[in-house]
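S.K.: Got chain A sorted already, so can you dock chains B and C onto it with the hints?
These are the residues of each chain, in order.
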Amino acid sequence: MTIQDIWMLGVAVIGGASALLVVTARNVVHAALYLVVTLLAVAGAFLVLGAEFLAWAQVLVYVGAVMVLLLFGLMLTRAPIGPMAQHNDIGRVLPVAVSAGLFLFLATMITSSFRNVRIDLTYVGAAELGEHLYVYWAFPFMVLGFFLTVALIGAIILARKEEGEGPDPEVDADLRTGRATPVPSDATSHPGPGRAAREVSA
Amino acid sequence: MISEFAWVIPAVMFASGAIIVFFGKQFPKQGAEVGITAVALALVMSVFVAVEVFSANVDAVAQVEAAHEGESAAGGDHAALDGQRLAIATGDLSVLAAEGADAVEVPAGVEPFLVERGFQLTAFAGEAGFDAGIRIDGLAAMMFLLVTFVSLMVHIYSTGYLDGDPRFTWFFALLSLFTGSMLLLVIANNLMLMLVGWELVGICSYLLIGFWLEEKTNSDAAMKAFLTTKLGDVGLIVGIVALWSMFETFNIGEIIAMTQQGVQAGGALDQGLLDFALIALFVGAIGKSAQFPLHTWLPDAMAGPTPVSALIHAATMVTAGVFLIARLYPVFQASPTALTVIAVIGAITLLMAGLLAIVQDDVKRVLAYSTVSQLGYMVAALAFSYTAGIFHLFTHGFFKALLFLGSGSLIHAVHSNNMSDMGGLRRVMPYTFWTFLIGSLALAAVFPLAGFWSKDEVLAGAAGAGGVTGTLVLVLGAVGGMLTAFYMTRVLYLVFAGTYRGHGHPHESLAAMKWPLVALAVPAALIGFINLPFEFAHPSGFSAWTMFSLEYFEGHPAEFSIPIAGASLALAVVGFLIGRALYRRQPSMAEDPMLNMGVFTRVLENKYYLDRLYTDLITRGLIRDKLATAAYWFNDHVLDRVVFLSGVGTIRLSRATYDYADQKGIDRVVNGVGLSANWSGGLLKFAQSGNVQLYAGAMFVGVFVLAVLFAVA
Amino acid sequence: MEATFPLVFAALLFCVGIFGVLSRRNAVLVLMSVELMLAAVTINLVAFGAIAAQRVGDPVLTGQIFALFVLAVGAAEVGVGLAIILLMYRNRASVNIDDADLMKF
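Protein chains in written order, with our numbering: chain A, 1 to 202; chain B, 1001 to 1713; chain C, 2001 to 2105.
For reference, chain A alone in the conformation it holds in the complex (with noise of 0.2 Å):
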């Protein structure tokens, strides 16, 4: 047991502990946090296995701005604050039994396969990374430049407001439940396709 196998460990245990923590918050917004924990929990891990560089990119993008995003997104959602109040597990069977098997079978075969298979970590600069990504990876690199560019536009195009779209700001949604009772708008306003669907789907 060498003292990077209890990093391991201890970052193992913070990032397990507080993923768990994420997907049973009962808090929207804690379970945003917990996330943030947890990938710093990699974040670490990355450190540990070497990837110096990785760590910090992991950092960056996600702590930084993806965890932002999500609370961003759960802002503009009207994410509920304090506790939501409807119980959102129902028919918990199907998901733990998913996962809980999944991850049985799983350790299973890792620690069976992988018992007496020691890591020799080797640590990677960020140079010699960088040198490697130009060089060898250069075309998918620059693919990924473009697939970030289409997905940014994308993203503005869904996002776009339209004229008459969205649920009206002065109806007093129910922050505590998380909903937003529909508009009774009057017929010369152009009802939004949700009007049409909600009354299909009743």
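Keep in mind that a hint or two might mislead.
Straight-line distance between alpha carbons at most 25 Å, and here's what the computed SDA-like set of lysine to any residue pairs gives [said to hold, decoys possible]: (1) A:K161 <-> C:V2008; (2) A:K161 <-> A:T149; (3) C:K2104 <-> B:Q1693; (4) B:K1514 <-> B:G1502; (5) B:K1514 <-> B:R1501; (6) A:K161 <-> C:M2088; (7) B:K1029 <-> B:R1167; (8) B:K1685 <-> C:D2101; (9) B:K1685 <-> C:D2099; (10) B:K1230 <-> B:L1622; (11) B:K1514 <-> B:G1160; (12) A:K161 <-> C:Q2054; (13) B:K1029 <-> B:I1411; (14) A:K161 <-> C:T2062; (15) C:K2104 <-> B:N1678; (16) C:K2104 <-> B:A1687; (17) B:K1685 <-> C:N2096.
Hints listed in this document are in silico derivations from the structure and should not be mistaken for laboratory results.
M.R.: What follows is chains B and C alone, placed relative to chain A:
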């Protein structure tokens, strides 16, 4: 030789018939001249053929006689000949039947005249074909002469008798067709072709009897004639088929040859089958030649015009049965049983018809029954002697035709058939009287007219044969002779003597009707002399002319028995005297002694109740009321019911199929497919919950399973 | 170090993520759970890269580069996903994914 072309004789008649049918009305005499010309041609040709045949036969006989003279000089076969004659004198029929080729020796190469020509017409099953063939021998030549001569007389007579009849042309067409058919029957060399002629003759007879079809009685009589002879034809066909099954040929010559050798196809001659076949053939003759019990049609057939009666029911068609037996004579000789049957039936017919003739008022009916009686004579004669039978046939044709034509003359004059309307016609119609008298004398077998010689030969033959049948025929024949003389005397007195009882103005007939009477009177009187039963005349006489085998001819020498001849002549005189005694004073019908004999008369007037038996008891009572009704009931309730039930059953079956198989069965299956699709869809739709997490869960489960599989594998 | 530690850690994160995906009602939380799963995959990539490096040669870098790509794609995916969630919220005023059941029979 001209006999090879003898087929022209019937062909001419058929052609004439066709011409008259299609073009008759365009001729000045409405087709009569065509018919008369054709018959005259046929007669001329028949004469030529007959001369050829008869002279050849006479030559053959002379050759045999010369050979025997030569041998007897060396002491040869007289003993055999004498033995033969002794056998004839004392023996019975079986001896006659048994005699064959071994009786008398004939020099090789000498044969009676026989021409046979033909070509195969059809072939059934590759084996039993029959030819369109001719067989000319003495018998055929004789029949030619008889048929054509009498037909010619009848043709000429009919131009007068049927003058003014609206269907004059059709009558002559029928006469030609009938004559052609009869000649075809005569000339045929195989039984099938003869059967064709037989049936054609039947049809022509039907058409001619019912010629004046406006009267229902005439058409009824025609139907009766046709159906009665048809009943006999059943036997004929059975007989022909039986003969074919034995000999596998229809050809007459082949059948005769095989019988004489005692073989049939496939082995020795089966006597029982031969007897059966010949008796069956004789049944056909019973029908056609009006023997007992199928004689009932002939008197009724007098409904036809008198020339028809003269031609068909005196000289030609009714002789077809006799001709059939004569044609196959060697075969009949091989079956004593058949000959016995023939003799008995002939004898019964002979007497029975003679008795019926004495109570008739209609002059044609008298003659009709007389014909039946004489046919009985011919048939019975054939049982004992070939020549006797056919000679009587020959002579009878002439004088009976003469008598019928004479009666036609009477009927035409007084416009009535009944003798009660006649009387005292001797002075008014001399030609008719004298020819009728000659015919009557011939019929009554008065010396020296034709009937004397022929009837005598019959009786002599019967006497010679001896035995039960021979004696029976002899006795009945003699009695019949007396009856014949009696009823003809009755007719003569009632018609020609005394005073006229009718209401018209009778006069002699036209020339067309007179001269045939005269022409027929000549052979009626004289033709007996061609068959004088004396040794000097025999080898060049009728027997030689018509012989069919030299052995037979040599075995049947001429015989004239004075006792029998004298007795029959005496009986004829007795009959005449009784008739004269009873009818000299012209009793009216009410006083007619024959009609006043109580039961006897009643039985005779009802024709022994035979007609009543046939019509009421058998046809109506049995067949119509019982059999036909039963058959109709069967058809209605059984056969129709089967059909009906099968129809109902089919409907039920189809309905059941529709209800069960289709509606409940197949439709259930088909609908079930849809319903099960619906149901399974109803179950499967729950997978479409719209719940994304369910979908995701399902995916993860799938991944899990795959992972496990990959790991395990 | 023991190879199993990072791998089990990754498996744990992954399964927790599955649990979250399947049981959370709020769409944003579901997205967060998906992020958890991606993180688990990233760890796996790096760990296996390290393991493979011992055996083959250069894959340590390959694993990290792959992880880098996953990172980038994950970020893009979150962006687009949130855009969709915003749209959903706009149209039916709820992010409860049980309400998005128009595909229900």
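S.K.: All the hints need checking, so say for each whether the structure fits it.
M.R.: We went through each hint and held it up to the structure:
1. A:K161 <-> C:V2008: With a Cα-Cα distance of about 44 Å, the restraint between K161 (chain A) and V2008 (chain C) is violated, given a limit of 25 Å.
2. A:K161 <-> A:T149: Holds, at about 20 Å.
3. C:K2104 <-> B:Q1693: holds, 13 Å
4. B:K1514 <-> B:G1502: Holds: K1514 (chain B) and G1502 (chain B) sit about 22 Å apart, inside 25 Å.
5. B:K1514 <-> B:R1501: holds, 23 Å
6. A:K161 <-> C:M2088: holds, 12 Å
7. B:K1029 <-> B:R1167: At roughly 13 Å apart (the allowed maximum being 25 Å), R1167 (chain B) and K1029 (chain B) satisfy the hint.
8. B:K1685 <-> C:D2101: Holds: K1685 (chain B) and D2101 (chain C) sit about 13 Å apart, inside 25 Å.
9. B:K1685 <-> C:D2099: holds, 18 Å
10. B:K1230 <-> B:L1622: Roughly 19 Å between the alpha carbons, so the hint for K1230 (chain B) and L1622 (chain B) holds.
11. B:K1514 <-> B:G1160: holds, 9 Å
12. A:K161 <-> C:Q2054: violated, 53 Å
13. B:K1029 <-> B:I1411: holds, 24 Å
14. A:K161 <-> C:T2062: Judged against 25 Å, a Cα distance of about 41 Å means the pair is violated.
15. C:K2104 <-> B:N1678: With a Cα-Cα distance of about 17 Å, the restraint between K2104 (chain C) and N1678 (chain B) holds, given a limit of 25 Å.
16. C:K2104 <-> B:A1687: holds, 9 Å
17. B:K1685 <-> C:N2096: holds, 23 Å
Violated hints, in rising order: 1, 12 and 14; the structure is consistent with all others.
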